[in-house]
Amino acid sequence: MSTNAPIGTSQATVDPRLQSVGIQEAGGKSPAAPGRPVRSVVGKAVLWVLLIGFAILFMYPFAWLLSASLKPRGEVFDNRLIPRTFHPQNYAEVWDKLPLLNWVGNSLLIAVLAAALVTLSSSIVAFGFAYFKFPGRDLLFGLVLASMMLPGAVTLIPVYLIWNNLGLVGTNIPLWGANLFGSAFYIFLQRQFFLGLPRELFEAARVDGASYWGLFWRIAAPLSIPSFIIVFIFEFQASWNNLQAPLIYLNFGSIEGFTVPLGISYAMTAFSPGNGGQGDYQWVMTAALLVTLPMLILFAFGQRYFIEGIATQGRKG
Amino acid sequence: MTAVEDRATAAVKEGEGKNPKQSRLKPRDKYNKREAMAGYLFVAPWVIGFLVFTLGAMVYSLVISFSDYDLATDTAIPNGGANYAELFEDPRVMLALGNTLFYAIMAVPLEIAFALFLAMLLNRVGKGAGFFRTIYYLPKMTPSVAAASVFLLLLNGNFGAINRALAAIGIQGPQWLTDPNWVKPSIVLMTLWSVSGTMIIFLAALKNVPRDLYEVASLDGAGKVRQFFNITIPMISGTIFFNVLVLTIAALQVFDQAFLLFWRNQTNASPDASLFYAVYLFQQAFRSFNFGFAAAMAWLIFVIIMIITLIQVKFGNRFVYYEGDKR
Chain A
1 MSTNAPIGTS QATVDPRLQS VGIQEAGGKS PAAPGRPVRS VVGKAVLWVL LIGFAILFMY
61 PFAWLLSASL KPRGEVFDNR LIPRTFHPQN YAEVWDKLPL LNWVGNSLLI AVLAAALVTL
121 SSSIVAFGFA YFKFPGRDLL FGLVLASMML PGAVTLIPVY LIWNNLGLVG TNIPLWGANL
181 FGSAFYIFLQ RQFFLGLPRE LFEAARVDGA SYWGLFWRIA APLSIPSFII VFIFEFQASW
241 NNLQAPLIYL NFGSIEGFTV PLGISYAMTA FSPGNGGQGD YQWVMTAALL VTLPMLILFA
301 FGQRYFIEGI ATQGRKG
Chain B
318 MTAVEDRATA AVKEGEGKNP KQSRLKPRDK YNKREAMAGY LFVAPWVIGF LVFTLGAMVY
378 SLVISFSDYD LATDTAIPNG GANYAELFED PRVMLALGNT LFYAIMAVPL EIAFALFLAM
438 LLNRVGKGAG FFRTIYYLPK MTPSVAAASV FLLLLNGNFG AINRALAAIG IQGPQWLTDP
498 NWVKPSIVLM TLWSVSGTMI IFLAALKNVP RDLYEVASLD GAGKVRQFFN ITIPMISGTI
558 FFNVLVLTIA ALQVFDQAFL LFWRNQTNAS PDASLFYAVY LFQQAFRSFN FGFAAAMAWL
618 IFVIIMIITL IQVKFGNRFV YYEGDKR
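Chains A and B supply the protein sequences, listed in that same order. Just so you know, we're using the working numbering here: the first sequence kicks off at 1 and counts up by one. Just so you know, we're using the working numbering here: the second sequence kicks off at 318 and counts up by one.
Errors might be hidden in some of the hints.
Claimed, not checked - If you want the footprint, here are the derived chain B segments under chain A, 3+ residues with CB under 8 Å: (1) 438 to 450; (2) 500 to 508; (3) 617 to 624.
As the list claims (entries may be wrong) - Calculated from the model, a selection of chain B residues having no Cβ within reach of chain A, i.e. all distances over 10 Å: (4) F383; (5) P551; (6) V563; (7) P588; (8) S605.
It is worth saying that the hints were derived from the structure and are not from the lab. No experiment lies behind these values; they were computed from the predicted model shown. Built from N, CA and C at the ideal position, the CB exists for glycine as well.
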């Protein structure tokens, strides 16, 4: 790919695929430029049966969860999609039974910090790779790409020891601190976006006396809001759903300090039906539903950004 | 000529390709000093992070893997390759490795096939594709812990909905979560439920296949099946290859599902078949605090992932069809 070409050096040589990192192509309003429509009636029927069948399969766990979250203790496991007895009180009780508000607060703070920091740092670094020419640039960018392949397990322990030596284990800083330094995939994604901007824009600004920082902050950044949104929501989701890091850094002391995934994992055990009896699993269900909702809402509003971000992953190969 | 124009022309020239005269210039002449300086400052955050959290961490990890590390005193006493020797003596390491490889071999092809199948359905539907794409994508948005809390019950061998449904069509469902033979398939099932990320990548690739190829093929009398194998597969082979690589690496590191379904509760005994490599590594590191041993485990899986990836790349290059490639 055009690793050597700085921003918009010549439009003709820029890989056309790179320019679609913007939002236009996979925009939410016109989702599928239809591939090959099926013509025969039987073909159509089979197609729709399959589509709807899979839709039901994919949605079933959500329906099950919603229904279980509305059931009283004794009926949680009865697999009925419409509860025999409606027990919406779960939604009031769960806040007392579990420190859910604390968990949501912790998770929200961490996710916002993680996402905001990684968006800013990655885009600064990406602009460095996209606009400037300096010795060793392509080698460094190669390292960025290579570091994406590194299994997380290898650095899990030393990174823990770094935070431990700084005395920060038990705080939430290890859950977002490393985001100050950018993240490989997001750097890649933002750089692709910057490469699609016409270089004349920057040259004109230079003539008008803009500083290098000004080029980034006043010209590149405002034009790159869509890619900022992609990075932000991806990292927000990753942070909100992250289980392993909180297990390592927060899984001691009071449960009020947990994040949502850690908390629910704890509740799954505490209210487990395993040790005889049914536990109080209805609260786990209610909590699970409450923490899934923000993600579904995030997707409802940011769908086209998610789709575009994912599709971009496929192009990096 | 101003300096700006100068740079611009130089940049355009470089973009035009390798100019033999230019490559004879010394590197020093090619770069504007101020610009290069600014470039370094812009990428500095990543370089610092890389040196500390990646390169530094890897070196540190290597040192620890050859040491007896004591967390309380933060001392690493070199013990030669004792940790690595222990890897091969600990039957649970080999058990976990075997489980993980077995899972990957089962999960990756199923994920590829299922995701491609769904993508092809969506690619055919025209109007309404956006609606179904949204539905199919929602599982991917669900936190793994919420998904696990539901699947724990859906997969229950006695009263779970999955076995109830199987019973309705006369099949005696297995004990998904306790029968060693069915532990891995149950995690595969959970993984397939949220396969839509891969599906979206396939969908994007399918849209790039030129439609005239199919029209020409059907004029030549090629049926749907032949079109699939002779047009679709070659045209998206690069994407298939990419997805196989990524999914394999992910499968070899699977943690959340196995941990949540089986190893969350430290007092409960779970079937050996559910011990995945990442889970055992986590237990060794952060439950038993055997950091030296866990670091050695990490390097073992790193080497294994590298070898598998290299093999895949070697074979993949034969299989992938590159457009305009005239080798």
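(request) Examine each Cβ of chain A, and state whether all of them lie more than 10 Å from the Cβ of F383 of chain B. (result) holds, 13 Å
(request) Check, residue by residue, whether the stretch 438 to 450 of chain B contains three or more positions whose beta-carbon lies closer than 8 Å to a beta-carbon of chain A, and give the verdict. (result) Per the Cβ count (12), the hint holds.
(request) Verify that the Cβ of P551 of chain B lies farther than 10 Å from every Cβ atom of chain A, and report whether the claim holds or is violated. (result) holds, 16 Å
(message) So is the stretch 617 to 624 of chain B in contact with chain A by the C-beta rule, three or more residues under 8 Å, or is the coverage claim wrong?
(response) holds (count 3)
(request) Mind verifying the non-interface call on S605 of chain B? Its CB should be farther than 10 Å from each CB in chain A. (result) Label holds. Min Cβ-Cβ 13 Å, cutoff 10 Å.
(message) For P588 of chain B, is the shortest CB-to-CB distance to chain A above 10 Å, so the non-interface label stands?
(response) holds, 14 Å
(message) Please check whether the beta-carbon of V563 of chain B is more than 10 Å away from every beta-carbon in chain A.
(response) The assertion about V563 of chain B is violated, with a minimum of 8 Å to chain A.
(message) Verify this for me: three or more residues of the stretch 500 to 508 of chain B with a beta carbon less than 8 Å from a beta carbon of chain A.
(response) violated (count 0)
Of the numbered hints stated above, those contradicted by the structure are hints 2 and 6, listed in ascending order.
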